[in-house]
Amino acid sequence: MIKPDLRVNLCGIGLESPVLAASGPFGYGHEYLERVDCSALGAIVVKGISAQPWAGNPPPRLAETASGMLNSIGLQNPGLERFLAEDLPLLKGAAPRIIVNIVGCDIDEYADVAAGLDGAEGVDGLEINISCPNLKAGGVAFGTDPAVTYRVVSAVRRQTALPLLVKLSPNVTDIKVIARAAEEAGADGISLINTLSGMLIDTETGRPLLGNTFGGLSGPAVLPAALRMAWQAAEAVDIPLLAMGGITSAEDALQFIMAGARAVAVGTGLFYDPELPGKIVRGLAGYMEEHNINTLGQIEGIARRGGYANG
Amino acid sequence: MIKPDLRVNLCGIGLESPVLAASGPFGYGHEYLERVDCSALGAIVVKGISAQPWAGNPPPRLAETASGMLNSIGLQNPGLERFLAEDLPLLKGAAPRIIVNIVGCDIDEYADVAAGLDGAEGVDGLEINISCPNLKAGGVAFGTDPAVTYRVVSAVRRQTALPLLVKLSPNVTDIKVIARAAEEAGADGISLINTLSGMLIDTETGRPLLGNTFGGLSGPAVLPAALRMAWQAAEAVDIPLLAMGGITSAEDALQFIMAGARAVAVGTGLFYDPELPGKIVRGLAGYMEEHNINTLGQIEGIARRGGYANG
Amino acid sequence: MTYMPPEYGHLLPRPFSIFSADREKGEVSILFEVRGRGTALLAGMRQGAPVKLLGPLGAGFPALQPDSLLVAGGVGLAPLAFLAASTEQRRTLVYGARTAKQLVCSPAELGLPNLTVVEATEDGSRGKRGTVTDILPGLLPGSRALFACGPQRMLAAVKGQALQAGVPAWISLEERMACGIGACLGCAVQTSGGYRRICRDGPVFPAGEVLFND
Amino acid sequence: MTYMPPEYGHLLPRPFSIFSADREKGEVSILFEVRGRGTALLAGMRQGAPVKLLGPLGAGFPALQPDSLLVAGGVGLAPLAFLAASTEQRRTLVYGARTAKQLVCSPAELGLPNLTVVEATEDGSRGKRGTVTDILPGLLPGSRALFACGPQRMLAAVKGQALQAGVPAWISLEERMACGIGACLGCAVQTSGGYRRICRDGPVFPAGEVLFND
Ligand SMILES: Cc1cc2nc3c(=O)[nH]c(=O)nc-3n(C[C@H](O)[C@H](O)[C@H](O)COP(=O)(O)OP(=O)(O)OC[C@H]3O[C@@H](n4cnc5c(N)ncnc54)[C@H](O)[C@@H]3O)c2cc1C
Ligand SMILES: Cc1cc2nc3c(=O)[nH]c(=O)nc-3n(C[C@H](O)[C@H](O)[C@H](O)COP(=O)(O)OP(=O)(O)OC[C@H]3O[C@@H](n4cnc5c(N)ncnc54)[C@H](O)[C@@H]3O)c2cc1C
Ligand SMILES: Cc1cc2nc3c(=O)[nH]c(=O)nc-3n(C[C@H](O)[C@H](O)[C@H](O)COP(=O)(O)O)c2cc1C
Ligand SMILES: Cc1cc2nc3c(=O)[nH]c(=O)nc-3n(C[C@H](O)[C@H](O)[C@H](O)COP(=O)(O)O)c2cc1C
Ligand code: FES
Ligand code: FES
Chain A
12 MIKPDLRVNL CGIGLESPVL AASGPFGYGH EYLERVDCSA LGAIVVKGIS
62 AQPWAGNPPP RLAETASGML NSIGLQNPGL ERFLAEDLPL LKGAAPRIIV
112 NIVGCDIDEY ADVAAGLDGA EGVDGLEINI SCPNLKAGGV AFGTDPAVTY
162 RVVSAVRRQT ALPLLVKLSP NVTDIKVIAR AAEEAGADGI SLINTLSGML
212 IDTETGRPLL GNTFGGLSGP AVLPAALRMA WQAAEAVDIP LLAMGGITSA
262 EDALQFIMAG ARAVAVGTGL FYDPELPGKI VRGLAGYMEE HNINTLGQIE
312 GIARRGGYAN G
Chain B
12 MIKPDLRVNL CGIGLESPVL AASGPFGYGH EYLERVDCSA LGAIVVKGIS
62 AQPWAGNPPP RLAETASGML NSIGLQNPGL ERFLAEDLPL LKGAAPRIIV
112 NIVGCDIDEY ADVAAGLDGA EGVDGLEINI SCPNLKAGGV AFGTDPAVTY
162 RVVSAVRRQT ALPLLVKLSP NVTDIKVIAR AAEEAGADGI SLINTLSGML
212 IDTETGRPLL GNTFGGLSGP AVLPAALRMA WQAAEAVDIP LLAMGGITSA
262 EDALQFIMAG ARAVAVGTGL FYDPELPGKI VRGLAGYMEE HNINTLGQIE
312 GIARRGGYAN G
Chain C
68 MTYMPPEYGH LLPRPFSIFS ADREKGEVSI LFEVRGRGTA LLAGMRQGAP
118 VKLLGPLGAG FPALQPDSLL VAGGVGLAPL AFLAASTEQR RTLVYGARTA
168 KQLVCSPAEL GLPNLTVVEA TEDGSRGKRG TVTDILPGLL PGSRALFACG
218 PQRMLAAVKG QALQAGVPAW ISLEERMACG IGACLGCAVQ TSGGYRRICR
268 DGPVFPAGEV LFND
Chain D
68 MTYMPPEYGH LLPRPFSIFS ADREKGEVSI LFEVRGRGTA LLAGMRQGAP
118 VKLLGPLGAG FPALQPDSLL VAGGVGLAPL AFLAASTEQR RTLVYGARTA
168 KQLVCSPAEL GLPNLTVVEA TEDGSRGKRG TVTDILPGLL PGSRALFACG
218 PQRMLAAVKG QALQAGVPAW ISLEERMACG IGACLGCAVQ TSGGYRRICR
268 DGPVFPAGEV LFND
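Protein chains in written order, with my numbering: chain A, 12 to 322; chain B, 12 to 322; chain C, 68 to 281; chain D, 68 to 281.
Simulated from the structure, these hints should not be mistaken for lab results.
Wrong hints could be hidden among the right ones.
With a cut-off of at most 30 Å between alpha-carbon atoms, the simulated DSBU-like pairs for lysine-lysine come out as follows [unchecked claim]:
no., chain 1, residue 1, chain 2, residue 2
1, D, K119, D, K92
2, B, K147, A, K187
3, C, K119, B, K290
4, B, K187, B, K14
5, C, K168, C, K195
6, A, K290, A, K14
7, B, K147, B, K290
8, A, K290, D, K168
9, C, K92, C, K119
10, B, K187, A, K147
11, A, K187, B, K103
Each pair of labels, with its calculated beta carbon distance range [unchecked claim]:
no., chain 1, residue 1, chain 2, residue 2, range
12, D, E176, A, G25, 53 to 63 Å
13, C, A116, D, E176, 39 to 49 Å
14, D, P117, C, S192, 31 to 41 Å
15, A, L101, B, T216, 37 to 47 Å
16, D, V171, C, G111, 45 to 55 Å
17, D, S96, C, P72, 24 to 34 Å
18, C, A116, B, E246, 25 to 35 Å
19, A, L146, D, D190, 50 to 60 Å
If you want a taste of the chain C side facing chain B, the calculated C-beta under 8 Å gives, among others [as the list claims (entries may be wrong)]:
no., residue
20, P80
21, F83
22, R157
23, L240
24, A245
25, A250
26, G260
All C-beta atoms in this analysis are idealised placements derived from N, C-alpha and C, irrespective of residue type, glycine included.
This is chain A alone, in the form it adopts within the complex (with noise of 0.2 Å):
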């Protein structure tokens, strides 16, 4: 019988599995490090560091939506300083790989944020999300312009030798010209979907229901969109894909593996059950006894070469 071998390697960081906590949802890890079993997870994602504090956006933040939730955190967050001081400490050593997402007003903040994390010890690798609204540019967000999107990871890349993904946001014509213009800039890694923009409104008030009108959109509802894009980001590049949205079972988790992800992330599906990772890791497991696969390899990006032979 066969022994699943779950290790990946994600742009150089090598993975004991291939979930990770995606990041926001977890925070900075130590909340759900104290209180539920974390060991299956290959990497925390933690949640986006900017250069100076962020206050966030005012309530309320979240929504529940059909199979999904909007949340309007607006990435409230401590600061470099801070995060370095008081955040990084508590993970180290508690947590498999660490990975810093980071995230600027404009692309000197998120270069400020690279060059401060680069030698800093414990962080395996860096995830610029992308979707923050480019201030200097009326709020549009960095990555759905390929050309900006280019900007900021040359940018990044130029602070830090530390592995690259570049995340980027589901809301634009063409994931395809974006994942390009970050590989082109230097990215190691793609990550994606981000959240998908929406918004829901309190029919008794007639005001939308969250505090900032708009919300990111996440959970099993936004899935199918989700796979599609990593289907498409894998046909555009040539670096591995951190893929994520809507992930809440091994199946779910396979689905993205065979569109041609290396490795997967979980978000909203911890707020349904904190439990996920490691019900992820042995549904992986069983699934490769039973199909008699040794790594994830063999089957990375298998549907886009035609499937098992007779399937």
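Assemble chains B, C and D with the ligands onto chain A, guided by the hints.
Leaving out everything else, chains B, C and D with the ligands in the frame of chain A:
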């Protein structure tokens, strides 16, 4: 006590009810008209018609997703001639108002269908589906480019004096520029949203589940994204909106109306419950009675104006 | 179409064949197998809970002729049991499945005294060892018509055998559905006459018209 | 956090206060009101069905001091009943709601002999006619601390009255939640110290720190 008036005027088409059947799920109408009470519908938007018959995509064409579904019907349709000869006569009289959705694989085909429908008795309006792949531009959808949108809508506008709605694709970075292009080209109204591009993979075969790989996501899962785009379109244009995307209750319909829609359509919701239109209409009437609202005009776009004064 | 109870969220209706009908009592029964979420939820419902149905829909099997052969794979038994119950003539049902467990109904449970049931399981755990297509060659020569329902692979094989033996055959197909009434064009099957709707033009088609893609 | 049974699809967990706890039996109970889909599904579950809980979470009320005043609006009774049960001292609970129907629990049902309950309903259908804020002015002067839970509008008014009377007050807040443990930053409330997390830094905050936005 108030007797709520549910009539609305959509681009010159007087509707007895603000709830329409969305193009596609309702087919050419007669199948539903035979089986269920459709009297609550303000209009039927019939399935897309092209100049020549289209065969459609290979099966499987449907898949269920979390709170939604994927379809890849591929715009199968009998073509203009058979529609006029066989389908339209069955609809006339039996149906409330009739809006015909038109599709094409190039601009000429759109114009030809519009010309052929212009004089047809029983046709109250047209809806142009610009989500079709533009065969002359490598299969990119017409509706993802404002310049192409402008050209398609202008070409159709020249062929017809019928009320003309333009149905937008949600798979774009900025729905506002597309809505504005349609308005400038002479559209009388905007319909939105069409389906979000998505896919699923069958982990047993390792292959995409749909015969066509990609399909369109619809149903409650997409409601928050659809509502956000309706809100943005209402901001961008002055012509009325017909809004849809995941509506399965009067409360859902109200959210779209409060975001700025004149009328709403139900598609996937009909599959969950063929009696949905009547339930929504009764729910709207109940809400209006409770909140002392005479006409829907009083709450159209109210969320864009700060909501109820003391809600 | 069987509408899913709304407390489970938004689920498309599920299509099922009629297994038996009591016209006097106005009752129908369905025989179903748990495949995924929808059938698992139906199976877990408490007895007496209401379920909304729309039907009957589409075109079923033509009337049974003398010397007809019925062929069922697994839960494909449902429409054939219903067909068999429509006449008192003697007829033969070839009923196959992977293992005895998938032979969901015993001949006695069907309560059709004039029905001869030939069972086959791939592992030999009940009836003959093998598939229905191992048994058909012996029975086709004397038959005037064949009616079949089961997995697509079985139907494709049965179609080939029937055509070769010159026996007219009708097969009942499956595809994922949304509307169930012919409106959405979601349940297409490729036939010699182009795409047809399984829910309305079928689910039963003359075997010769159906183009299987494998 | 109460995790919703998976047969209903994907639903976020729902936060509830502990209404009572029996440490020996290892049991806790919650008292809840049906507001939307989640609570309706919980209410419809058959007796004995398992429910997954994560807790206790966050920071509750500080220890009861002598001459404390408890104030509950509707189902906000839950954490105050739990607090009241933590001591044998005499204390007073002001318990208000729109109508008698929303006074979900009678004093007798609470089974707390040392608790004096003053009820108020807006329509006068039980207890005094009016809101808890009509009653507080008479009781605040003799009180050394106030503990409250209820609708936001009530808490804002109670905060004002307590501050004015110079009585230290703690209030338990509500906001929509996702993680329940302080990770997602979804349940923010504006305080004099910036946004704080209701699930972890609260739900109980010193009233003076909370900035109500209405
Ligand atoms: C005309 C017709 C008659 C049928 N009669 C019966 C019957 O009498 N008894 C019975 O047990 N089943 C019958 N089926 C199949 C039944 O509809 C499916 O098993 C059921 O819809 C699966 O629902 P689920 O939620 O459990 O599975 P899902 O989770 O939706 O899917 C589980 C698996 O079932 C397959 N599947 C899902 N829906 C369909 C579908 N509509 N057609 C074919 N495969 C599907 C999927 O490919 C998937 O592999 C019939 C189908 C059709 C089209
Ligand atoms: C710390 C805390 C303790 C609570 N204790 C209790 C308790 O002991 N008993 C009790 O009955 N309720 C309590 N609640 C409120 C309870 O969590 C909500 O009523 C419940 O989550 C509503 O779920 P639903 O699916 O029925 O409603 P939904 O359909 O989700 O929403 C219905 C309505 O409830 C409101 N709502 C939804 N979730 C929340 C939330 N988390 N906080 C505030 N409002 C919400 C929405 O604005 C909406 O108008 C508490 C909330 C918090 C934050
Ligand atoms: C509450 C919440 C906060 C989030 N914060 C961030 C963030 O700070 N940076 C980021 O790149 N993505 C953030 N995301 C997006 C997630 O990392 C993920 O891309 C998205 O939610 C889709 O995955 P899911 O469906 O598994 O949640 C956040 C998502 C949620 C739900
Ligand atoms: C099966 C199916 C077929 C559809 N066919 C068409 C079509 O022919 N033309 C069109 O403009 N939209 C078509 N649509 C899109 C719907 O009209 C609608 O825009 C979309 O489904 C979102 O609404 P819903 O969530 O209520 O279904 C189709 C949708 C479905 C589910
Ligand atoms: S299921 Fe809609 S046409 Fe068959
Ligand atoms: S609910 Fe996540 S921080 Fe409070």
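Hints, verified against the model:
1. For a cut-off of 30 Å, the pair hint linking K119/D to K92/D stands: about 17 Å separates their Cα positions.
2. With a C-alpha separation of about 20 Å, the suggested pairing of K147/B with K187/A holds against the 30 Å cut-off.
3. In summary, the hint linking K119/C to K290/B is supported, as the alpha carbons are separated by about 16 Å, within the 30 Å threshold.
4. For the suggested pair K187/B and K14/B, the alpha carbons sit about 36 Å apart, so the restraint of at most 30 Å is broken.
5. Distance check on the hinted pair: K168/C and K195/C sit about 14 Å apart at the alpha-carbon level, within 30 Å; holds.
6. For a cut-off of 30 Å, the pair hint linking K290/A to K14/A stands: about 17 Å separates their Cα positions.
7. With a C-alpha separation of about 44 Å, the suggested pair K147/B and K290/B falls outside the 30 Å cut-off, and the hint is violated.
8. Using a Cα cut-off of 30 Å, the hinted pair K290/A and K168/D is violated, with the two alpha carbons roughly 44 Å apart.
9. Among the hinted pairs, K92/C with K119/C is consistent with the structure: their alpha-carbon atoms are about 17 Å apart, no more than 30 Å.
10. For the suggested pair K187/B and K147/A, the alpha carbons sit about 20 Å apart, so the restraint of at most 30 Å is met.
11. This hinted pair does not check out: K187/A and K103/B have alpha carbons roughly 45 Å apart, beyond 30 Å.
12. Take E176/D and G25/A: their Cβ atoms lie about 59 Å apart, and the range 53 to 63 Å holds.
13. One distance hint, 39 to 49 Å for the beta-carbon pair A116/C and E176/D, is violated here, with the actual separation near 33 Å.
14. At about 36 Å, the CB distance of P117/D to S192/C agrees with the hint of 31 to 41 Å.
15. Distance hint check: the CB atoms of L101/A and T216/B are about 45 Å apart, consistent with the given range 37 to 47 Å.
16. Judged by the Cβ atoms, the range 45 to 55 Å given for V171/D and G111/C is violated: they are separated by roughly 31 Å.
17. At about 29 Å, the beta-carbon gap between S96/D and P72/C stays in the expected band of 24 to 34 Å.
18. Our hint of 25 to 35 Å for A116/C and E246/B is violated, since their Cβ atoms are close to 46 Å apart.
19. At about 52 Å, the CB distance of L146/A to D190/D agrees with the hint of 50 to 60 Å.
20. Evaluation of the P80/C hint against chain B yields a held restraint, the C-beta minimum of about 7 Å falling below 8 Å.
21. With 8 Å as the threshold, the beta carbon of F83/C stays out of range of chain B, its nearest partner Cβ sitting at about 16 Å, so the hint is violated.
22. Annotation: R157/C was flagged as interfacial toward chain B, and the flag is violated, the nearest CB pair being 38 Å apart, outside 8 Å.
23. With 8 Å as the threshold, the beta carbon of L240/C stays out of range of chain B, its nearest partner Cβ sitting at about 10 Å, so the hint is violated.
24. With 8 Å as the threshold, the beta carbon of A245/C comes within range of chain B, its nearest partner Cβ sitting at about 5 Å, so the hint holds.
25. For A250/C, the shortest C-beta to C-beta distance to chain B is roughly 3 Å, which falls under 8 Å, so the interface hint holds.
26. A distance limit of 8 Å between C-beta atoms decides the matter here; for G260/C the minimum to chain B is near 12 Å, and the interface restraint is violated.
Violated hints, in rising order: 4, 7, 8, 11, 13, 16, 18, 21, 22, 23, 26; the structure is consistent with all others.
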